[in-house]
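Peer 1: If you're matching them up, the sequences are chains A, B, C and D in order.
Counting in my numbering, the first sequence runs from 1369 upward without gaps.
Counting in my numbering, the second sequence runs from 29 upward without gaps.
Counting in my numbering, the third sequence runs from 634 upward without gaps.
Counting in my numbering, the fourth sequence runs from 2 upward without gaps.
Read the hints as simulated data drawn from the structure, not as lab findings.
It is possible that part of the hints are untrue.
[Claimed, not checked] Just some of the chain D residues that point at chain B, by a computed CB distance under 7 Å:
1. V196
2. G199
3. L200
4. L204
5. R233
6. A274
7. L277
[To be verified] What the simulated footprint calls covered on chain A by chain B, stretch by stretch (three residues with Cβ under 8 Å from a Cβ of chain B suffice, anywhere in the stretch; the number is not a length):
8. 1396-1404
9. 1468-1477
10. 1550-1557
11. 1561-1572
12. 1673-1683
Using N, Cα and C, we set each Cβ at its ideal position, and we do this for glycine too.
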Amino acid sequence: GDDGGSGGEGGGGESAGAGVTMLPKNLGNPYFDASATGATRASEEFGGSFEIVGPDTATPDAQVPFINTAAQQGVDSLVVSANDPTAICDALEEASSAGTKVVTFDSDTDPECRDLFISQADAEGIATSQVDLIAEQIGGAGEVAILSAAANATNQNTWIELMQEYAASEYPDIEIVDVVYGNDDDQTSFDQTAALLQSYPDLAGIISPTTVGIAAAARYLSTSDAQGEVALTGLGTPNQMREYVEDGTVQSFALWNPEELGYLAAYAADALVSEEITGEEGDSFSAGDLGDYEVGADGVVVLGDPTVFDESNIDDFDF
Amino acid sequence: MSTSRVGGLLRSRELAVAVVLLLVVALATWNSDSFLLSSDGWRNLLVTPSLLLLLAVGQTVVIITRNVDLSVGSVLGLTAYLTGRLFTDNPGIPVVVVFLAGIAMGALLGLVNGVLVAFGKVPALVITLGTLYVYRGIFLSWAGSDRINASDMPSSFLSLGTSSVLGIPLLTVLAVVVLVVVGHHLRTTRSGRELYAIGSDPDAARLYGLPVTRRVLTAFVVSGALAGLAGVVYAARYGTVSSGAGLSIELQAVGAAVIGGVAIFGGSGTVWGAAIGAFLLVTINRALPVVGISDFWQQAVVGALILAAIVLDRVLARRQERRLVAEQTSVRLDAPPPPGTPPASSSSSRKAHA
Amino acid sequence: MSTGPSTSAGTSSPTLELREVTKSFGAVTALAAGTLVVEPGSIHALVGENGAGKSTLVKVVAGVHRRDGGTFRFQGEDVDFGSTADSKAAGIAVIYQEPTLFPDLSVTENLFMGRQPLGRGRRIDQKAMREEARALFARLGVAIDPARPARGLSIADQQIIEIAKAISLDAALLVMDEPTAALSGVEVERLFTVARSLRDEGRALVFISHRFDEVFSLCDTVTVMRDGAYVATQPIATTTVDEVVAQMVGREVGELFPKTSAPVGDVVLEVEGLTRAGVFTDVSFSVRAGEIVGLAGLVGAGRSEIARAVFGVDAYDRGSVRVGGSDLPAGSPRAAISAGVAFVPEDRRQQGLVTEGTVARNVAGVIRRGLSRGGILTSRAENAAAGPWAARLEVKTNALDMRAATMSGGNQQKVVIAKWLATEPRLLFIDEPTRGIDVGTKAEVHRLLSQLAGDGLAIVMISSELPEVLGMADRVLVVCEGRITAEIDRDDATPEVIMRAATRSEAATGVTGVPA
Amino acid sequence: MSATLSRTPAQAPARTYPAYSRPLWQRALLTREFAIIALLGVVWFYSVAEVPNFDGPLTLYYLLLDIIPILLIALPMTMVIITGEIDLSVASVVGLSSVLVGVLHQDAGLSIPVAGLVAIVVGALCGALNGFLVSYVGLPSLAVTIGTLALYRGIAVGLLGTTAVTDFPEKWTDLATLRIVEGGSIPWVVLPFLVLLGLFVWLLHFSGFGRGVYETGLNDEAARFTGVDVARTKFWLFVLAGAVSAFAGIYFTLRYGSARGDNATGLELQVIAAVLLGACPSSAAAAPCTASSPAWS
Ligand SMILES: Nc1ncnc2c1ncn2[C@@H]1O[C@H](COP(=O)(O)OP(=O)(O)OP(=O)(O)O)[C@@H](O)[C@H]1O
Ligand SMILES: Nc1ncnc2c1ncn2[C@@H]1O[C@H](COP(=O)(O)OP(=O)(O)OP(=O)(O)O)[C@@H](O)[C@H]1O
Ligand SMILES: [Mg+2]
Ligand SMILES: [Mg+2]
């Protein structure tokens, strides 16, 4: 396809840098808003254009039409967080055959369906850091449950597996008793937390590796007798969690900076469009003030280790 | 309704669902006594359904007039977000004002539904299915990807979601008060009974000179207002409002009403039944993990139990009908509906009267 | 076309005064020049053929329809009702041709809807309401349980409740559109007693009926309409049935009950010990080709129930039905139809017609299976098949795609009959064949029935009109409380005998006599 | 039968009636369907003018691919709704059949056609359960199908849990998105839809069964009196809805190359909206979008 010359806002034809179209799992998710902010900043820096589109429910079939549209409009690049590793592949392939560069971030597809995957941190890093956090909070022993997002969320499931392995090997006294799914919906996650406390009276801690889940769980704990009794950690944004860190419901939680994630993804897209890189292992490109990055195996680029937030530093962040 | 016999029949329909509800609670408590006996358990048992209860009550008022309101989920989301925005945009706004604003907003949206249905002469199912999408769209374009966090709302407001009086959670008290007021109104006032008449045979109602348009309009306004109230409650209880708030809760609301014995073709049913239906739906959901059913199979079990509830309800109703028949033929006051006629006709003859 | 009657010399202005009122629905002109003047303290008959515009006139008075033109005075003042609520408030009570009850509500609530007695805090006083209901029914001598829901009441019972409802309004003007169509002797007589007492209280009543014996025994004055226009008004005392009929149809009408005895063929229908708990018990009878068997009895005796069970719309507990020698499977109208059985039900709006459907589709409703060519059923084929039958019964409609709902009561009845005759049956059940049918058409229906019998059709006729039964039936089976209490031959059939069998003990009061 | 009726034996003018009260153009143009098609046209031209690349060949292609499931299910749903009933469980049946195809193909090693056939049979059974509860037990369809909505979806989710079956043979997944003519904009799957469309138009508008469907909706007591088996009619409509939904589920699976329990969640409201509003996103579906349920009007 053309270089987006006629591609509406998506194309950013006249401008030097690439046009970046971001497709998060779903809109109205603060985590992805942060990424969008980062990506916007990036495209301003390299003089490209940026737009964000997406469904309001996080399902693959809802994502596909947006990919199709982007392909039709012949946008320069798509930056996607996949709701399903396979379901959106055909659509993505259509897009790249129409000349669109495809970058996945946060949640990957099958490697052959995209040019690059910008990983927030390698899965081990995420899994271990969360298990370490909970272990530290519950004194290395007790029942722990996991509150996940959708049952099919790729990254969630990888992390959960790794957590279980890591916990089994490093903390024999910690038992992961259950995994429940809040579908990244406030109400469901909230009720699932309540159910967890009902079903496991001796529950010591909850890990929720999803920003929606951890906030809902915190909200429930903060209003229940279990406040302070049951530890909670996971992946959350400071703005959602500030309240609960202050009232002592949550001691600490982790997250990489999603803004930087979006920032990096946008730069990667630009590098691909400008044919500065092809996505081969070993390619390297510079991502503005984040410095240089190198493409790893399977076209994966790793952002770095997650930041841990607690009352000492939480007020330094706003996303 | 006006006599022990008919009243008894109606009551038994609600009774059927109530029995199922008690069984569910008992079973869950037997598995883990914290389900009922711990203070958290007790509170959740009462609080969690109160949101759906509000919606179900409003839904019942509409269904009784042989209409339906599918837009309540979107209305709830919209008002929940409004609540958050009121707090963020003007800090220190009194909580009461926020409640009133939410109810007013809901009533307004309900009014739109009502006007379209009453004057547009288009089936309510069509209209409200449309406004379901429209209202949700307005919500999305207004909120964008902004979301309300607990820190955006004063703790005085959030504490409403948890505080109790005499061991009864505040939100439950609120819901029950609404329930009693609406229920009493439907039973004992002219306008209340007219809603039943309209749903029972709209054409006859018009011929009879009942203010059909006005009543139907009011029904939708009530439903909207209660959905609005539910929106405020949602914000208070869950402390966060994102674009997903209230998504596809409308079918639960209708389901609760129907399970509670409210005839989908209008004219019969009570808010008491709907309330019990709401309690049943929510409590089943909460009980399943406690009973130890795998997360993945819970939805299936919920479905099965809903079916069980309505079938049981039908069986009891049928038995009552038979008794009525027997009495009437023995007294030879007037002969019965023929037992032979297929049950379908009992619902359809309603329809035929349309 | 007419100046209408001059208002009485008396000082008191007439209660109701309609002059040259017009009303049309799209192409159809229902009222060309409706004129009706009703004096207080009188019962005024309004007669006319089906589609003459009687009901439309009533609906204008009631505020259901707004008139297009003409003057409309009530108690001396010009009025223009926007809704039935207005007319009710002004003091007009109306009984519509088709009952309009709320099936889910109790009989009591139906009586007082919208005007329930209020107690403390504007709450409905259930107790007072129940008592008023009982009092009302006592006055009318009705035995319906006020607490039962209205659903499932027979048309007759529904009609009785409509009457009670209207009377309890104690309005200055009471309009009754064919209130007796569904009633039989006893009920009719009770109704008349009440009507007379209302008149003596000085109220004005309008009474619409196709039964002249009733008109002449009840009313003081009669107004005749034809084709939506006023024809004449005169005191009952100074006119005769023949004169009125002539004015109605604009010509002479032949004898009313021309059943000619046809050669009786072999047995077509055999019913053995048919029983349905609580409705009818151990019913056995047989019908031969060329024979008309009348089922007589009081309303609610269970005649329709029997017929419905035989035809298969209702189930039965015990017994057997044989048509043309072979057993008829229970509970399958489809089977009955293909065995050559036709069934004209008593409630045309609920059972006979799809009122929202077109005339053509209603008439072709049963025979359509035979109409599809190569598995394709077209409207063209339906129209072609329906047209002749509609014509044969002189159905008044300006196109075959008119909705049956827009037709007058009598024309709807014709459509139902046409629909079943189209199946060219060998056995015909016809329940209340001439309910709400005008005198001219009535004669045709009767002529048709006897003609069909002549052609070898076996007919079972359920009727609450004794004269009809006496005139048409070769044999009369009398049903009482779900049992056949007598089988009377044409020659021995007299009103007295039948009524005695129909009521067992009850004296044969209120037998509707043969018109002059 | 030679019964000739005449007012007086003398003259016997058998009268005739015109078939229609309105001229053809009125009957053709003043209809809901025409309004929808017109509206669709307007929207289409607006988009072509305003939306970049809208007139590109891909637009129609993707539009069709995306709405085929809605179009398919709208066909039986229309008839169900005309009888005054409703089926909210269709989307769950789509999910269930999708999961079945996946599981049967992956674990039981059945070929796609066989697995698909089984899925359709199961879909029909799901519909049969709805139909039985509605027509023979006499429960309100809204309540029943809210129940089965949860039940069927629950079974689907229960069967697959966190996993999603994704290894489908290329030739089948390609079939789902195959174009009729290479590079053209009409996907191949439109053909089965058109076949079904023809079938349903015949069934609803040109068969005795269809007349029965309308009568059942308008006045089912009268329908019974004319020999229509109301219960059976409704029962089979629900079975049809189930089977067609299952077929849509197979398409859904192959199109996205992924069988998941939550496939097509919430599709039921879109289908019903399509039928009721007549706002079927394609003129093709405007045909089945005839007058909607009398029960609700
Ligand atoms: N659809 C119905 N549902 C319930 N009860 C009915 C129904 N129709 C009639 N009944 C009752 O069953 C009894 C028999 O009614 P049915 O109409 O058969 O009597 P009938 O002799 O035919 O009187 P009619 O002159 O009205 O035809 C009556 O008490 C009537 O109230
Ligand atoms: N809503 C309507 N739309 C169209 N035509 C109508 C409507 N109502 C009545 N008509 C027509 O007006 C004419 C008069 O109808 P109306 O019901 O007043 O006759 P009627 O005198 O009551 O006859 P019957 O004795 O059979 O009840 C009929 O031809 C009828 O078709
Ligand atoms: Mg009339
Ligand atoms: Mg009868």
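Peer 1: None of the hints should be skipped; say for each whether it holds.
Peer 2: Verification of the supplied hints:
With 7 Å as the threshold, the beta carbon of V196 (chain D) stays out of range of chain B, its nearest partner Cβ sitting at about 29 Å, so the hint is violated. Annotation: interface hint on G199 (chain D) violated; nearest CB of chain B at approximately 27 Å, more than 7 Å. At its closest, the beta carbon of L200 (chain D) sits 26 Å from a beta carbon of chain B; the interface hint therefore is violated under the 7 Å criterion. Nearest Cβ of chain B to the Cβ of L204 (chain D): about 21 Å, over the 7 Å cut. The hint is violated.
Because the beta carbon of R233 (chain D) sits about 11 Å from the nearest beta carbon in chain B, more than 7 Å, this interface hint is broken. The closest approach between the C-beta of A274 (chain D) and any C-beta of chain B is roughly 5 Å, which is under the 7 Å cut-off, so the hint is satisfied. Against a cut-off of 7 Å between C-beta atoms, the interface hint on L277 (chain D) holds, since the closest Cβ of chain B lies about 4 Å away. Requiring three or more residues with a Cβ within less than 8 Å of a Cβ of chain B, the coverage given for the region 1396-1404 of chain A holds, as 6 such residues are present.
Counting residues of the region 1468-1477 of chain A whose CB lies closer than 8 Å to any CB of chain B gives 0, so the stated coverage by that chain is violated, three being the minimum. Residues of the region 1550-1557 of chain A lying with their CB closer than 8 Å to a CB of chain B number 4, which satisfies the three-residue condition for coverage. Given a C-beta distance limit of less than 8 Å, the hint that chain B covers the region 1561-1572 of chain A holds, as 7 residues qualify and 3 suffice. Here's how the region 1673-1683 of chain A fares: 0 of its residues keep a CB closer than 8 Å to some CB of chain B, so the rule of at least three is not met and the hint is violated.
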